[in-house]
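Chemist: Protein sequence lines, in the order shown, are assigned to chains A and B.
At position 308 of the first sequence (counting the first as 1) the number is 308 in my numbering, and the numbers step up by one without a gap.
At position 190 of the second sequence (counting the first as 1) the number is 1190 in my numbering, and the numbers step up by one without a gap.
In short, the hints are calculated from the structure, not lab data.
Ideal Cβ positions, reconstructed from N, Cα and C, are used throughout, including at glycine.
Incorrect hints may have been included.
For lysine to any residue, the following SDA-like pairs were computed, each having C-alpha atoms within a straight-line distance of at most 20 Å [to be verified]:
| hint | chain 1 | residue 1 | chain 2 | residue 2 |
| --- | --- | --- | --- | --- |
| 1 | A | Lys-270 | B | Ile-1263 |
| 2 | B | Lys-1236 | A | Asp-282 |
| 3 | A | Lys-173 | A | Glu-139 |
| 4 | B | Lys-1236 | A | Ala-279 |
| 5 | A | Lys-157 | B | Asp-1403 |
| 6 | B | Lys-1319 | A | Thr-247 |
| 7 | A | Lys-271 | A | Gly-261 |
| 8 | A | Lys-271 | B | Ser-1317 |
| 9 | B | Lys-1479 | B | Val-1430 |
| 10 | B | Lys-1435 | B | Asp-1477 |
| 11 | B | Lys-1443 | B | Arg-1061 |
| 12 | B | Lys-1264 | B | Gly-1185 |
| 13 | B | Lys-1539 | B | Leu-1564 |
| 14 | A | Lys-270 | B | Lys-1435 |
| 15 | A | Lys-157 | B | Lys-1479 |
| 16 | A | Lys-270 | B | Val-1289 |
| 17 | B | Lys-1236 | A | Asp-274 |
| 18 | B | Lys-1050 | B | Glu-1538 |
| 19 | B | Lys-1050 | B | Asn-1482 |
| 20 | A | Lys-265 | A | Glu-241 |
| 21 | A | Lys-157 | B | Lys-1539 |
Covered stretches of chain A (chain B as the covering partner; in silico rule of three or more C-beta atoms under 8 Å from a C-beta of chain B) [said to hold, decoys possible]:
| hint | stretch |
| --- | --- |
| 22 | 131-144 |
| 23 | 185-192 |
| 24 | 277-287 |
Here are the chains, one letter per residue:
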Amino acid sequence: MLIGAGLCAVVAALVLLWSPWSTEEPGEDLPEQPPVAEAEDETGEPEIEIPTISPRQMAETEAAKQQPTDAAEPAHELWVAPSGQPATFGALKLETGLVARRTLKAFPNDPDSHALMGNASLFSGRGAEAVSAWRRCLELDPARPGAYDGISMIAWKEGRFEEVVTTCRRALKYDANMSDVHFRLGRALIELDRAEEAVAVGQEAVNLWPGSDEAHLLLGQAYVQAEEYAEAQKCFTRAVEIDPNRTRAHYGLATVSARLGQREKAKRHKKRFDELINAERDNLAVWTRNESEASELTDQRARTAAIYAAAAGIYRKHGNTEQAERLMRRAATINPNPTGRR
Amino acid sequence: MFEARGSCFEGREYTMTANLNALRLTALLLTCALLLATACVQAAEPISFKNVTEQTGITFRHTDGSSGRRYIPETVSAGLATFDYDGDGDIDIYFLNGAPMRGTKVATAPRNALYRNDGDWKFTDVTAEAGVGDTGFGLGVAVGDYDNDGDADLYVNNFGPNVLYRNNGDGTFTNATEKAGVAGGHRVGAGACFLDMDADGDLDLYVSNYVDFTYENHWPRTVSGFPVYAGPICYKATPDGLYRNNGDGTFTDVSESSGVGAIKGTGMGMVCADYDNDGDTDIFVGNDVAANSIFENDGSGKFEEVGLISGLAYNRSGKAMATMGVECGDYDNDGRLDFHATSYGQELATLYRNMGDGAFEDVTSQTGAGKGTFPHLTWGSGLIDLDNDGNRDLFIVCGHLQDNVELYNDVAQYHVRNIVLRNTGKGKFVNVSDKCGDGLEVKLSSRGAAFDDLDGDGDVDAVILNSRREPTILRNDSKTGNHWLQIRLKGTKTNRDGVGAHVKVVAGDLTQIDEVHSGRGYQSHFGMRLHFGLGKREKVDRVEVRWIGGGVDVLEDVDIDRVLTITEGEHVEDK
């Protein structure tokens, strides 16, 4: 059990690294923060407004608020987490929502609670609620790159690329080392045909992570958008040097080599791309066929346990170690093996 | 700004006068700006569609035969056809329908439905008297005069045996499948196209197939604990079929000898078009979660797959899209046919620009042709000039295939609105869906879409097949004052419909091209009567038709705002 709890703590730490909670000092009382739109921009850059959620998101969030919750629960009462192993996906999602709501009720002015609610909502497939929670988190503390990251993820899913750019830039302002955010920003700029900006973002990614094939691939794709094929070719070549089996880098090389009139080179990379993508498709087919309700359940267990562990962190920060301990134990019960399949 | 200028002068009175003048000037400028903006909005957003479904008398309702077990063919039904079945000059509608899947019980078997256009937006169900009420599980359809007798025949691609209906020329059809030999076995079909692959003057037949689904190899799947339809990745890809017309009412299966049988794909919508402008008809098959197939014709009906080389197999970054439908047209009026492919959610419906010499580039981002499509599954599409300004716009129909998607993914919806993107003529598309009238407010899960001038008023209307629901019939009410020309081809030496013929229309500074296609979009058929918007140009200087096989007819000083029939060989230009 203790090993399980320890492993859960590792997962929670990972979640915290990604989430906005990691920027808080434990045990601190949280001061009220001005809303982000009014916050002073220390970098002197034009202020970026928090994107508003869509009317549909708003309506759904309102609808969700109407649903019965554990409203009767006294806010600061020590509550006992359920016992036993949840058997279904639905039960796990319910528990995920429950722990996030109760934590939020206990610490409504703690941005970590709202961030936790955002993550729990995301895990439960409720993007609109997640965005709402992250926005509240940002109102309390604008310096939360994880919250911007979350909002940008949802914006990406809905194809709102301008908003992706805005939120990713804001996230990177507070933490320039978020590689996923960097790459998402670059891809959104490419989708918006803002090639010059995409090249700049890609170049920055390469500078930050020179050993990352993803960074070189992004820069190459940005150069393709800018129709600078020779530069793109250099980037794709570097990506292939780092990972010889990087399928899309071979596609990039095939495409730009053809544009540069290098037919033999284009042919060679087309052949390699063909081999790799067929293998990818075969692997995906095997994976999809092996994907089962049981494996999905394992994934959800890991997510629910991570939420419990993160909630424990919030309680610990506020000095309630007893409840923190309970929550960690529950995390370990739900997911004794937090490494999970994913 | 004016305040600042006024404050430069010394003396209060002068400053006040300056301010008053400035105010008047400001008011004048604001009024002008307002008038200009109003004019711009009127000029820029003229596309308007009215939902006239109820008044048409069309009572067809699609069924996917779902049993609750979520068999994959249910998700991809079905296409439709708009064509003139009775030769009376107006366009009729043929809807495909699903059929009960195993485990589904129905009192009356659902069937396909043919509606005769009676004019004034009234349609009559003539399915029974025409004899085209196939009760198979309909997926794709193509129309072509395969026996060159002057009327339109129908081919239906099913899950199960396919059906060829020969038009008897008197408003009735005869099931000629067995004689023709094109039933195609028991497969999950998809799109179909007639084409003259060997320039012998009769129409051959390409039949696309989806996956190797059977009830026995059905994959039940879940997402977030919810049961969902499995994707094509769970099944094996299958080769398509190609039939050569023997000219005597029969066909020979040449899938293997032609080269197309060597390629296995997850075929969906398709279109046959001369992608490399070399005078013969090539084949573009959209594949679901796999590289698209481009079969290049050597002119004799032998094909080589060139998807990867052409740049049409994948999107810009090398991703195999979940291609649903395929459409073609020259969006940038550069004299070359471009392609549009619809796709799955979290993917952009993709526009491929033809750069010449058989090479294409994905220009979706540069042109804005993917706007509004990313969150949705997109199916049928039309590269059609909706406002007759001489530039082809995009009409894209949408709807998820998982009927419970909202339960596990709140950024996706089963029922969604369709999308209209207006072509500015400057290489960009603008999403005008919100300004196109009530026709674009309909939220359903659409599949096939067909675009033709149903009321003969010179603009292109739309018919949309919606999964599990009634269709949507949209009347184009755009008030543009723009001119147009529609061209119907009549082959004499080549196939009767002129399928594959290439048409160039020159009106002053505007040159447009198009081709006659049989089968296009999402497993559908439409647009055999070619439509050219002309803007304010009041005459067409030249129409040039290049028939399959190389014959050319040329007409000069052509009157506009009418349907022009061009018969092969009647306008041969003196050299």
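Chemist: Given the proposed pairing of Lys-1319 of chain B with Thr-247 of chain A, does the C-alpha separation stay at or below 20 Å?
Modeler: Cα-Cα ~9 Å, so holds.
Chemist: Would the pair Lys-1236 of chain B and Asp-274 of chain A pass a check requiring their Cα atoms to be no farther apart than 20 Å?
Modeler: holds, 18 Å
Chemist: Within 20 Å, alpha carbon to alpha carbon, are Lys-173 of chain A and Glu-139 of chain A?
Modeler: Holds, because 17 Å separates the two Cα atoms, which is no more than 20 Å.
Chemist: Quick one: see if chain B covers the stretch 131-144 of chain A, three-plus residues with Cβ-Cβ under 8 Å.
Modeler: violated (count 0)
Chemist: Hint check: Lys-1443 of chain B vs Arg-1061 of chain B, CA-CA at most 20 Å. Holds or violated?
Modeler: holds, 16 Å
Chemist: Given the hint that Lys-1479 of chain B pairs with Val-1430 of chain B, does the C-alpha gap stay at or below 20 Å?
Modeler: holds, 18 Å
Chemist: Can you confirm whether the C-alpha distance between Lys-270 of chain A and Lys-1435 of chain B stays at or below 20 Å?
Modeler: violated, 44 Å
Chemist: Is the Cα-Cα distance between Lys-1236 of chain B and Ala-279 of chain A 20 Å or less?
Modeler: holds, 14 Å
Chemist: Lys-265 of chain A and Glu-241 of chain A were given as a pair; does the straight-line alpha-carbon distance stay at or below 20 Å?
Modeler: Holds, because 15 Å separates the two Cα atoms, which is no more than 20 Å.
Chemist: Given the hinted pair Lys-271 of chain A and Ser-1317 of chain B, is their alpha-carbon gap at most 20 Å?
Modeler: Distance ~16 Å between Lys-271 of chain A and Ser-1317 of chain B Cα, so the pair holds.
Chemist: With the threshold set at 20 Å, check whether the alpha-carbon distance from Lys-270 of chain A to Val-1289 of chain B stays at or below it.
Modeler: holds, 19 Å
Chemist: Checking one constraint from the list: CA of Lys-271 of chain A to CA of Gly-261 of chain A, max 20 Å. Satisfied?
Modeler: It holds: about 17 Å lies between the C-alpha atoms, which stays within 20 Å.
Checked against the numbered hints listed earlier, the structure breaks hints 14, 15, 18, 21 and 22; every other hint is satisfied.
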